[in-house]
Amino acid sequence: MASPLIQLNGIERTFHMGEIDVHVLKGITLTINQGELVALVGSSGSGKTTLMNILGCLDRPSKGEYRLDGEEISRLSNDGRALVRNRKMGFVFQNFNLLPRTSALEQVIMPLSYTASGMSDRQARERGKELLRKVGLGERMDHTPSQLSGGQQQRVAIARALVNRPPVLFADEPTGNLDSKTTQEVLKMFQDLNRDEGITIILVTHDPVVAATAKRNIRLKDGLLESDFIVESPSLPQEAHA
Amino acid sequence: MTVSTILKTALRALRRNITRSLLTVLGIVIGIAAVIAMMEIGKGSSSSISKTISSMGANNLMIMPGTASSGGVSFGAGSSLTMTAEDAEAIKRDCPAVGRVAPVVRARTQVVFEERNWVPSFIYGSTPEYLQVREWGNLVEGEMFTDVDVRTSARLCVVGQTIVKQLFGGMSPVGKEIRIQSVAFKVIGVLSSKGANAFGMDQDDVILAPWTTIKYRVTGSSGSGAAAGGNAAASSTTNSVYPGASAIFPVPAANKEPTPVRFANIDQIQASATSPAQIKEAIKQITEVLRERHRLRPGEPDDFSIRDMTESANALASTTNMMTNLLLAVALISLIVGGVGIMNIMLVSVTERTREIGLRMAVGARARDILTQFLTEATILCLIGGIVGLLLGRGSAMLVEKFLRWPVEASMEAVIASIATSAVVGIVFGFYPAWKASRLDPIEALRYE
Ligand SMILES: Nc1ncnc2c1ncn2[C@@H]1O[C@H](COP(=O)(O)OP(=O)(O)O)[C@@H](O)[C@H]1O
Ligand SMILES: [Mg+2]
Numbered sequence: 001m002a003s004p005l006i007q008l009n010g011i012e013r014t015f016h017m018g019e020i021d022v023h024v025l026k027g028i029t030l031t032i033n034q035g036e037l038v039a040l041v042g043s044s045g046s047g048k049t050t051l052m053n054i055l056g057c058l059d060r061p062s063k064g065e066y067r068l069d070g071e072e073i074s075r076l077s078n079d080g081r082a083l084v085r086n087r088k089m090g091f092v093f094q095n096f097n098l099l100p101r102t103s104a105l106e107q108v109i110m111p112l113s114y115t116a117s118g119m120s121d122r123q124a125r126e127r128g129k130e131l132l133r134k135v136g137l138g139e140r141m142d143h144t145p146s147q148l149s150g151g152q153q154q155r156v157a158i159a160r161a162l163v164n165r166p167p168v169l170f171a172d173e174p175t176g177n178l179d180s181k182t183t184q185e186v187l188k189m190f191q192d193l194n195r196d197e198g199i200t201i202i203l204v205t206h207d208p209v210v211a212a213t214a215k216r217n218i219r220l221k222d223g224l225l226e227s228d229f230i231v232e233s234p235s236l237p238q239e240a241h242a
Numbered sequence: 001m002t003v004s005t006i007l008k009t010a011l012r013a014l015r016r017n018i019t020r021s022l023l024t025v026l027g028i029v030i031g032i033a034a035v036i037a038m039m040e041i042g043k044g045s046s047s048s049i050s051k052t053i054s055s056m057g058a059n060n061l062m063i064m065p066g067t068a069s070s071g072g073v074s075f076g077a078g079s080s081l082t083m084t085a086e087d088a089e090a091i092k093r094d095c096p097a098v099g100r101v102a103p104v105v106r107a108r109t110q111v112v113f114e115e116r117n118w119v120p121s122f123i124y125g126s127t128p129e130y131l132q133v134r135e136w137g138n139l140v141e142g143e144m145f146t147d148v149d150v151r152t153s154a155r156l157c158v159v160g161q162t163i164v165k166q167l168f169g170g171m172s173p174v175g176k177e178i179r180i181q182s183v184a185f186k187v188i189g190v191l192s193s194k195g196a197n198a199f200g201m202d203q204d205d206v207i208l209a210p211w212t213t214i215k216y217r218v219t220g221s222s223g224s225g226a227a228a229g230g231n232a233a234a235s236s237t238t239n240s241v242y243p244g245a246s247a248i249f250p251v252p253a254a255n256k257e258p259t260p261v262r263f264a265n266i267d268q269i270q271a272s273a274t275s276p277a278q279i280k281e282a283i284k285q286i287t288e289v290l291r292e293r294h295r296l297r298p299g300e301p302d303d304f305s306i307r308d309m310t311e312s313a314n315a316l317a318s319t320t321n322m323m324t325n326l327l328l329a330v331a332l333i334s335l336i337v338g339g340v341g342i343m344n345i346m347l348v349s350v351t352e353r354t355r356e357i358g359l360r361m362a363v364g365a366r367a368r369d370i371l372t373q374f375l376t377e378a379t380i381l382c383l384i385g386g387i388v389g390l391l392l393g394r395g396s397a398m399l400v401e402k403f404l405r406w407p408v409e410a411s412m413e414a415v416i417a418s419i420a421t422s423a424v425v426g427i428v429f430g431f432y433p434a435w436k437a438s439r440l441d442p443i444e445a446l447r448y449e
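Residue numbers (our numbering), protein chains in the order written: chain A, 1 to 242; chain B, 1 to 449.
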């Protein structure tokens with residue numbers, strides 16, 4: 001259970017803006033084990049999203065090492081990183097990022113088209129339906145985003161993130177666009193997925209109430225780790241707003 | 001990505017914006033439709049021209065008195081109409097490249113049957129061989145006059161289909177008697193239909209008779225108003241415009257009698273080369289024979305001119321070709337314009353779908369997957385446009401055929417070419433937008449508003 005999934009060693013990220021170099025991450029070293037539910041917190045501009053992009057293999061660190069499952073991936077090519085994202089990672093975004101005028105089922109199975117799994121069309125649809133049922137949208141498979149509420153849209157996005165059975169799920173401010181009730185629904189879903197399926201979840205939030213539902217909180221400040229602690233008894237989402 | 005996923009993804013994306021997809025593709029539709037219609041019309045008219053040409057006799061040579069420079073009929077001092085029936089015989093005898101030869105005497109006058117009258121486009125006096133020269137095939141009814149009839153100036157004739165219609169109201173004319181310039185002729189045969197020639201003249205509006213009969217009994221007979229100047233009418237209608245000119249051609253008294261066939265002036269000689277490839281050789285041999293017979297010294301210009309059908313055929317064909325190519329160029333330009341339209345809309349689409357591209361990259365799409373997707377979308381759009389354009393082009397060609405009565409001809413090459421063209425337009429003009437899409441940075445793209 002406690003085998004390291006993610007190992008960061010001295011991660012730095014510098015953006016070059018013309019003449020000026022902006023040092024956003026100034027040396028991050030941390031380890032995240034399989035099955036953790038981590039909240040990445042910190043004030044706005046502290047570098048959470050930047051770190052998340054590196055963790056999610058969307059961006060490369062300027063310096064430092066990143067091992068995923070023991071494999072050094074920070075020097076991979078674009079195509080290599082696309083493959084890692086496809087096989088090992090799921091993404092949930094603040095703004096859902098669903099395709100317009102596309103049914104929930106099509107959204108969910110979309111990542112499979114970039115997977116050389118040999119899964120047949122029918123198998124893919126079965127997998128999509130199964131996931132939509134799991135996120136409670138069994139009745140809304142044919143609905144397009146405009147026919148779904150915000151919470152439902154985010155649940156479609158979660159189903160999509162899970163379609164390739166990734167070991168780790170990244171969520172950047174997943175509840176930022178949701179009201180408190182649907183926020184709780186989504187957080188509950190993360191807790192369930194983490195507990196029942198052992199999926200490692202790393203979510204970015206600036207909301208302490210959301211952070212309190214995670215098992216571990218990592219706080220960033222000005223591109224450095226400020227604190228890293230285990231939450232003794234993570235609150236259940238219902239309680240958080242009770 | 002498998003091919004079927006690529007196609008499905010592309011089709012789904014196009015369906016998401018169906019109106020725009022259709023509007024985008026309109027340029028291609030119009031371009032391809034124009035190309036198809038042009039090619040079908042062009043092909044139709046060129047094959048109808050070649051059909052017409054061969055109906056006029058593809059190997060045909062026309063030998064006319066007078067220098068070529070003066071258009072075949074010369075009235076200059078000292079010149080005279082020097083073509084004789086004996087020239088025709090000499091050509092037949094001494095030119096191996098020449099197959100058939102027929103002397104021709106022309107007349108243009110009114111023809112009367114009972115109370116009907118008609119002025120045929122062609123009243124030709126010739127020999128039976130005329131039919132072979134013109135590749136006229138078999139008579140549909142009755143029979144042709146014979147060489148004996150030519151020798152005896154028999155008052156017999158065969159008529160074309162238009163004459164049957166105009167003069168006989170469609171009933172069989174065989175055995176009937178018609179009057180050409182008050183000379184009674186017995187109709188003994190009906191020619192098969194040949195249609196219009198390359199110049200639009202009705203080749204069936206014709207009466208054929210022994211040339212001796214036309215020469216001595218019709219155009220040579222005096223007393224009739226139209227031919228008051230002796231053989232004026234014989235040497236083409238031009239002569240009757242200048243009545244004075246007829247004095248140059250004194251009619252020998254003997255000409256009124258049928259007997260001396262030789263040394264009689266004729267209007268032209270029609271001959272056919274043994275094969276189209278022999279036309280040049282035939283012209284050379286005829287020129288030699290006639291120059292010798294007419295005792296022309298070296299350096300002296302020919303007193304005759306030889307025209308072959310390929311000349312007029314080529315002239316017509318090149319005009320049609322030029323028109324077709326011109327229109328084809330316009331059609332191709334419209335295809336390019338259509339392609340630019342595709343490129344424009346695909347660029348807009350890439351910008352609009354930046355977030356989608358970012359998302360696809362985030363879930364594992366590689367740059368080349370994105371490139372393939374947009375390239376496929378553009379190509380499918382163009383192919384659909386090509387197919388719709390194909391049908392539209394076919395349809396308009398058929399309408400042109402139905403209402404304008406232009407000959408059209410469907411062409412497999414055009415179909416293949418237009419499908420290939422539309423695919424190429426899709427790939428060429430879809431490439432830049434697709435390449436741009438594939439080069440997006442996923443983080444930037446996901447953040448795009
Ligand atoms: N692509 C970039 N180019 C330049 N500066 C950037 C870029 N991305 C982020 N930054 C800067 O890095 C800092 C941290 O940004 P971010 O990681 O988005 O913070 P957070 O998500 O914690 O609010 C900010 O000051 C931001 O302006
Ligand atoms: Mg952020």
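Calculated directly from the structure, the hints in this document are not laboratory data. Please read all numbers here as calculations on a predicted model, not as lab measurements. Don't take every hint at face value.
Covered stretches of chain A (chain B as the covering partner; in silico rule of three or more C-beta atoms under 8 Å from a C-beta of chain B) [as the list claims (entries may be wrong)]:
# : segment
1 : 21 to 32
2 : 37 to 43
3 : 87 to 93
Straight-line Cα separation of at most 16 Å, EDC-like style, residue types lysine to aspartate or glutamate; simulated pairs [as the list claims (entries may be wrong)]:
# : chain 1 : residue 1 : chain 2 : residue 2
4 : B       : 8         : A       : 121
5 : A       : 26        : A       : 79
6 : A       : 221       : A       : 65
7 : B       : 8         : A       : 12
Label-pair restraints from in silico Cβ distances [to be verified]:
#  : chain 1 : residue 1 : chain 2 : residue 2 : range
8  : A       : 12        : B       : 336       : 30 to 38 Å
9  : A       : 231       : B       : 352       : 41 to 49 Å
10 : A       : 43        : B       : 4         : 33 to 41 Å
All C-beta atoms, glycine included, are put in the ideal place defined by N, C-alpha and C.
Violations among the numbered hints: 1, 2, 5, 6, 7, 8 and 10
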